[in-house]
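Enquirer: Residue numbers (this note's numbering), protein chains in the order written: chain A, 8 to 263; chain B, 8 to 263; chain C, 8 to 263; chain D, 8 to 263; chain E, 8 to 263; chain F, 8 to 263; chain G, 8 to 263; chain H, 8 to 263.
Source of the hints: derived by calculation from the structure; they are not laboratory data.
This one's a predicted model, so the numbers in the text were calculated from it and none came from an experiment.
Ideal placement from N, C-alpha and C gives every residue a C-beta, glycine not left out.
Here are the in silico distance ranges between beta carbons for each label pair:
{"no.": "1", "chain 1": "H", "residue 1": "D82", "chain 2": "F", "residue 2": "E59", "range": "45 to 53 Å"}
{"no.": "2", "chain 1": "B", "residue 1": "A121", "chain 2": "E", "residue 2": "D91", "range": "49 to 57 Å"}
{"no.": "3", "chain 1": "B", "residue 1": "D173", "chain 2": "A", "residue 2": "T122", "range": "20 to 28 Å"}
{"no.": "4", "chain 1": "E", "residue 1": "E59", "chain 2": "C", "residue 2": "T15", "range": "38 to 46 Å"}
{"no.": "5", "chain 1": "H", "residue 1": "S80", "chain 2": "B", "residue 2": "A93", "range": "41 to 49 Å"}
{"no.": "6", "chain 1": "D", "residue 1": "N108", "chain 2": "A", "residue 2": "T122", "range": "58 to 66 Å"}
Number of protein chains: 8
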Amino acid sequence: MNRDTLTTLFKQVALGEIEPEDAAERIASLPFEELDFAKIDHHRQLRRGFPEVVFAEGKSSEHLLGILDHLASRDTPILLTRVDAAKAEVLAAAHPTLTHNALARTMHRGAMPATGRGEILILSAGTSDLPVVEEAAVSARVLGNEVTVINDVGVAGLHRLAAARDAIRRATAIIVVAGMEGALASVVAGLVDVPVIGVPTSVGYGASFNGVAALLSMLNSCAGGVSVVNIDNGFGAAVVASLINRGPAALREARE
Amino acid sequence: MNRDTLTTLFKQVALGEIEPEDAAERIASLPFEELDFAKIDHHRQLRRGFPEVVFAEGKSSEHLLGILDHLASRDTPILLTRVDAAKAEVLAAAHPTLTHNALARTMHRGAMPATGRGEILILSAGTSDLPVVEEAAVSARVLGNEVTVINDVGVAGLHRLAAARDAIRRATAIIVVAGMEGALASVVAGLVDVPVIGVPTSVGYGASFNGVAALLSMLNSCAGGVSVVNIDNGFGAAVVASLINRGPAALREARE
Amino acid sequence: MNRDTLTTLFKQVALGEIEPEDAAERIASLPFEELDFAKIDHHRQLRRGFPEVVFAEGKSSEHLLGILDHLASRDTPILLTRVDAAKAEVLAAAHPTLTHNALARTMHRGAMPATGRGEILILSAGTSDLPVVEEAAVSARVLGNEVTVINDVGVAGLHRLAAARDAIRRATAIIVVAGMEGALASVVAGLVDVPVIGVPTSVGYGASFNGVAALLSMLNSCAGGVSVVNIDNGFGAAVVASLINRGPAALREARE
Amino acid sequence: MNRDTLTTLFKQVALGEIEPEDAAERIASLPFEELDFAKIDHHRQLRRGFPEVVFAEGKSSEHLLGILDHLASRDTPILLTRVDAAKAEVLAAAHPTLTHNALARTMHRGAMPATGRGEILILSAGTSDLPVVEEAAVSARVLGNEVTVINDVGVAGLHRLAAARDAIRRATAIIVVAGMEGALASVVAGLVDVPVIGVPTSVGYGASFNGVAALLSMLNSCAGGVSVVNIDNGFGAAVVASLINRGPAALREARE
Amino acid sequence: MNRDTLTTLFKQVALGEIEPEDAAERIASLPFEELDFAKIDHHRQLRRGFPEVVFAEGKSSEHLLGILDHLASRDTPILLTRVDAAKAEVLAAAHPTLTHNALARTMHRGAMPATGRGEILILSAGTSDLPVVEEAAVSARVLGNEVTVINDVGVAGLHRLAAARDAIRRATAIIVVAGMEGALASVVAGLVDVPVIGVPTSVGYGASFNGVAALLSMLNSCAGGVSVVNIDNGFGAAVVASLINRGPAALREARE
Amino acid sequence: MNRDTLTTLFKQVALGEIEPEDAAERIASLPFEELDFAKIDHHRQLRRGFPEVVFAEGKSSEHLLGILDHLASRDTPILLTRVDAAKAEVLAAAHPTLTHNALARTMHRGAMPATGRGEILILSAGTSDLPVVEEAAVSARVLGNEVTVINDVGVAGLHRLAAARDAIRRATAIIVVAGMEGALASVVAGLVDVPVIGVPTSVGYGASFNGVAALLSMLNSCAGGVSVVNIDNGFGAAVVASLINRGPAALREARE
Amino acid sequence: MNRDTLTTLFKQVALGEIEPEDAAERIASLPFEELDFAKIDHHRQLRRGFPEVVFAEGKSSEHLLGILDHLASRDTPILLTRVDAAKAEVLAAAHPTLTHNALARTMHRGAMPATGRGEILILSAGTSDLPVVEEAAVSARVLGNEVTVINDVGVAGLHRLAAARDAIRRATAIIVVAGMEGALASVVAGLVDVPVIGVPTSVGYGASFNGVAALLSMLNSCAGGVSVVNIDNGFGAAVVASLINRGPAALREARE
Amino acid sequence: MNRDTLTTLFKQVALGEIEPEDAAERIASLPFEELDFAKIDHHRQLRRGFPEVVFAEGKSSEHLLGILDHLASRDTPILLTRVDAAKAEVLAAAHPTLTHNALARTMHRGAMPATGRGEILILSAGTSDLPVVEEAAVSARVLGNEVTVINDVGVAGLHRLAAARDAIRRATAIIVVAGMEGALASVVAGLVDVPVIGVPTSVGYGASFNGVAALLSMLNSCAGGVSVVNIDNGFGAAVVASLINRGPAALREARE
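Just need the whole structure built from these sequences, with the hints factored in.
Expert: Below, the structure is given as structure tokens:
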């Protein structure tokens, strides 16, 4: 219910088409998201056409099937993250149109139209980081972005960044996926002029504390321009990068 | 040294103007940043005109004076962060053109030209977070951004966000500064369609562990679009927001 | 042994029915709970009719069967928590009158009479929190309370709280079950005038540290009225809420 | 703005006293708390007459004076917590009607009328816990509760609990304040039938980790009925206990 | 009230000297420690003549003076630990008979008679550990033990242990005080046949985490016979060593 | 080689029965423990007849079989701890004389003669702590002690301690085994006059952090006389208690 | 491309054999490691003939096979670490020339020529540390070092070090592998004059926190000369020891 | 006492010059370090001429003066670390020949002769790390090494490493001093072929946790050849580097 429909309601009251008490009741009983507060809820507006994202970890296959049955009837894109192999088998049987990426542990259908200003570049430190890289890549594509991935650019192989020149030039945001000491985020941020979103991974052992070492390293980056998401949170990094790449609705519209 | 100057060098060798050994020596002894690798160092290019930023904590007044003497002769903006009262007094006496913001613990001179696509909005949860808010605001302005600040929008006063509607509409990035349980970042991210940069603050006591509670809260945000910088790192958030607001050089140029 | 039986004993001594030495021996050899100290042990008094609660984790099926054999002969309600599937199968075979809730990992028989002043409302942030929600709900019902459960009221779906209006009005205590950043406890506490018992859950990954992020978030709530129980401790929250809902014995009796 | 005033508005529109567009504007521009959503905001209703509480830590004396100037003109009770000696001196000079409790680090004026069903009992383990005890006691009294305090009931002096019998009988909620190993909360909870709110304190040294040991001890209490607030958070415990003691508005009204 | 006085009471009732109701009241109103439960409270019995020990940290000088006024009238030994210089000055002025040990931060008067079976040996790793060593030594002596102290027996100077042969032979318990990596406890425990009580100290920096490294090292000792008290807890180690040295009351009496 | 055998050696040299060079070689080639240093190594002397203890965790069945083959030929008692079911089966097949305690995860053969001054009492908080209790009990018995075990004496069932009176009177050391909040160690230490050895267990969940809560609780015990061993370290507690119960060699001999 | 080949290139240009533009292109398109920067990359020079090391954890068998196919065609040594049993079986089937060490979890082929100045000595505290010892030993040998291993030299068996005299004399670096309290590193460092590289292992339980206790112990060593690598990082210790044993290229060449 | 003197002793006994009992006594009463075990104590031999190093933190000025009076009479070099300003003033007054470095917080006199094979290179990430750099540099020089220091080589200024080429070529060990995210150690280790000793510093704030972030980063370095010492432990790094630079005694002698 936006201001227009609200004005219409008042007009109907003024015309005697609706009783004042009925009109008051109608507003009072509206679901919250219909209230005027939604005016600042650009996000909700944005989400029209936005993929429905389901975090599958900790949900039973039964719950997931129920959610999918609900979603499948809409025409928006669908994305499930953290789908383990057993659940994926169950879901795929019931929803064969879903694409399953076993490495990324994602299932998805469709994608938003690409409206970004540039590309999202994903750099990773090592091949052990691939599951997180894939989750970020699948997510960013479903969210409507062009994505380039360059793997295995560890601190011991920085020269491979040279091959990334063109991709860096096209990027509006760079996702750096790294475990162990996570130094790559700092090194990359020192070389580029776009925001770097660090994704620490749980790759490592011992005093890596399942990604804490990389997390702290990225949070304390001495190079400006690094912000961080949760350990192994490829999806989260994709959302942030996507919001950067697309820009706010107002600017997107201005571009159109 | 880019490819052109390299070609020129080879031509001089071909013409006998330079001996092969001397040419080889010349390349070998070049500072690293002159090598072709610099081609992807857009950051460096960007930094022309970028303020020199000095982290004053842990540096003696003598060291800071030495650095300032070096910087003052250039015409770029200057920004010092984490300047305590005692150092500020010493530095102000020697460099009276520096503006001192005691709350933000910053000193600065000049600012970059504003080239952003929109504004940076800074929201804070409580008045105890003000020093970090101010550091972010001063930094973002020196970095060449329009900045709006709305304080004291805690979870218990979310309705004040309504007053922020216009600012939210103008924002290309939102910095959320919050201590204690840091829930504000999640709540805001659920309402907007631009990236939210969370700055956990050390405001709190006991099990806030000097900001760790807020940090973890923001890292685990169930709302998409939140990335995080270090505890109390107002400056870092400003750099990230600034990179988002301005966009990469290529796009900036395209806009011009 | 309360004051009355004690007086009776003294009277028997005064009447010569019992020798002084025998009477002294009788008191000295009483189990501790029979001593006068029990006068302040309202809890014990309360527990008459209170369900026997067994924490099954770490106990072998043999131990549990032994305990159940002991309990089954009494007519009080029985509640077992943290019963995994394997143990549940063994116990159900021997005690078919026990109701097994696989999601809650509980088994129970009977319930206390409902004597509360109102209802207990359980709100959860996401469907992954359901096992903890169920443990709290089963426990609260066995403890003699009316219970309403509203799931999936995450920070990104606060508007669903509107549907909870009536339940909130009926509630004397609200249990908020949330993992990840646990912000829901703060948000709810800002909207109601009854105590909020936060149950952080281990739902999440990476820097959620198995529920520590949610735990810290709730402990540092900027909204008054939140207290917290252990991670995933649905049962513990139910006990606290139950004590609030029923009030102390003296007041309950006054109500009757 | 409740449903009545909303109906009135519609009637005015129906009568032509207000133009439909103006009426729509009026709703759209209302502060959020005026919207119908406030219907579930019992807390806000409750807060009429509720003391304004200011957390002074991290706020400058200037900010606090500004807030106090704002509050002093209202006739509600005022409570400031975490006021150190220096700030207290400044505030007392400007607002001599404020009562300063140096041990509790509180300043307050007035109190809510006592409407609780019983008393709040505060038990502490040692005399080093007194500042937290006092903060809880002052807060609970300002919030309109009868309060009894019994100090120094450590695990090594449990027999003193006997002296607390009557107070325990009158209590609707018990606040247990304890540092070091914090065992008192468990021991007390095993003896009573009202909720125990544990306040771990930072009293201790070494592996007490400034209250973490007591916090964990209370969170893991093997006795049912314990919930916990932040370390040293006497005020927070008082709010929880106060909500328990008073009960929800509906029940209060029913009692009246 | 032991069984004898209880029997006497019953006899008085039997003789009609006391009314049954009055006798019942008399038992019901006894302080808890007078009840028969005290029969297993050997500690209490032991404490007759035991020094009163006051932990001064976190207590104001006023509180301490009040406690001392109370204690000074008894003829038992007195021990205060963690008395900082400022408080010591105030207390010494009012109670000049107290002996102040500035290094140990203790004040004491008198000591229990020495009834131990042997000596307590205190070994320390370095001279920085001296304050904790002194606290342990003063405490152990006031508790009635012969004490030998050998300092500076770090892992790099194990040969000095040779000089400790006779002391080791006389010891019934050995207190090992060590900071940094705390290896001394393990090394000593590998060489002796009496219990080793490890006292980790906060000596160190960086990753010693104020004694946590030494604490963990001692808890994980690969040599049998080491148990541990809190960081810097010289007093606590002295109590444990004293209980070992003296043995339980029954055995002490058998020795006499 | 003690001083007597050394003197004998010199005498043989003096008598010409052994050549000086051969005698020097004999000393030089002695294993280190045979050197005079053994004079302060009472432990080693003690270990004659002491059971060989093998920590089986992390050792392969092959390694364990090798060690057992070596040990089986001696006539000293043998004790293996942390033997999981699979290894136990392999070892039992090869060494049928070993007694396997599945709950304690121990295997042993024989025991030292009981030479202690009294008994070791083991108290546990709950039945989930039984594996650790059993490890302590088996170990203490193999080490030559009389042992009494009383289980399930949680803080909510302190009255059961009354049944422990006689055992407490006979005890020279008390082992308290408790998980969750570990308060039992403090409560027991407040009632007895012998050393309490706290064994925190990993029983619990969430913020028990696998025993850390109980560990910290015990380390911060406000009751004197508690020292602590590693989490779940029943064996370690048995060694400490055994050393206390038996006393140093010198005193043992004096008793004989 | 070193300075010689660069000079050659310039000479070819001078001779007209190569066009200046082509020469510039050739440099510009070289992979980074071919650039002159390699002049300070002694490591890279060293790596000629250096084994390719692959960290197998977190990589799928498919990825590993791909990498091995790539490596197998070169004639350099190959080393894989952290190869679990399942992957080892797959890889061994495809590459039968690889030697598999199941205890060390390594696979390797060939080794560098031994050019060290002495030997690497590996000491371990217990047999449970063997997997880490083996990883270090295999790695050090493949890296071209003479290696001596002495196991089971715990703090309780220091005398066995006597047997290590000759090995200590030959060692240029000593790797100490120890879990639990990790005291061995300090003890050894106090006895030798070569660098000690501590490898904390995850051997232990409870408060060993999977190797953190040993890690902290080694980091806080009171004996000079200890530096530390990650928990269980036998390979990393071998690399450090190898660099020490071989010395920098310049010195190696001087020796030749 | 080595085998020769032992043989001599036996011969004297054989000749009747010494009584067997006296000879036995002589061995038994030898200080431990005189025993044959000292044969492997190369360290002790090495320490002849080695500076006496005193860790001043936690020691009173009085203790330090006592130690210095003892040391000053020897002719060996002296080094004190962690001397704060107040102590330095006291010590300098009494021992004017000591050189005080206020930044490094060291005092020293003399130095060992330089016998290293090359130089020690110290690299630091930022000027805030200078105190630790200075402590390392002073220590390394007093320990008899040539030292080169290059500061401010952060990840954002890696090109400055080019200026370090010659120093890198001369180095036998490189100390990398870095706070914040500590990435420099990994980056440097990827470029050189000598051991890198990482010194994490407490420079930073928030989630740097006083150096823990840098410590973890260095421990998890993905580049081989990094080992780590304690946070801020410049002295410790200097000892390790010195041992590497000098090599074991045997090799040093072979070089001479």
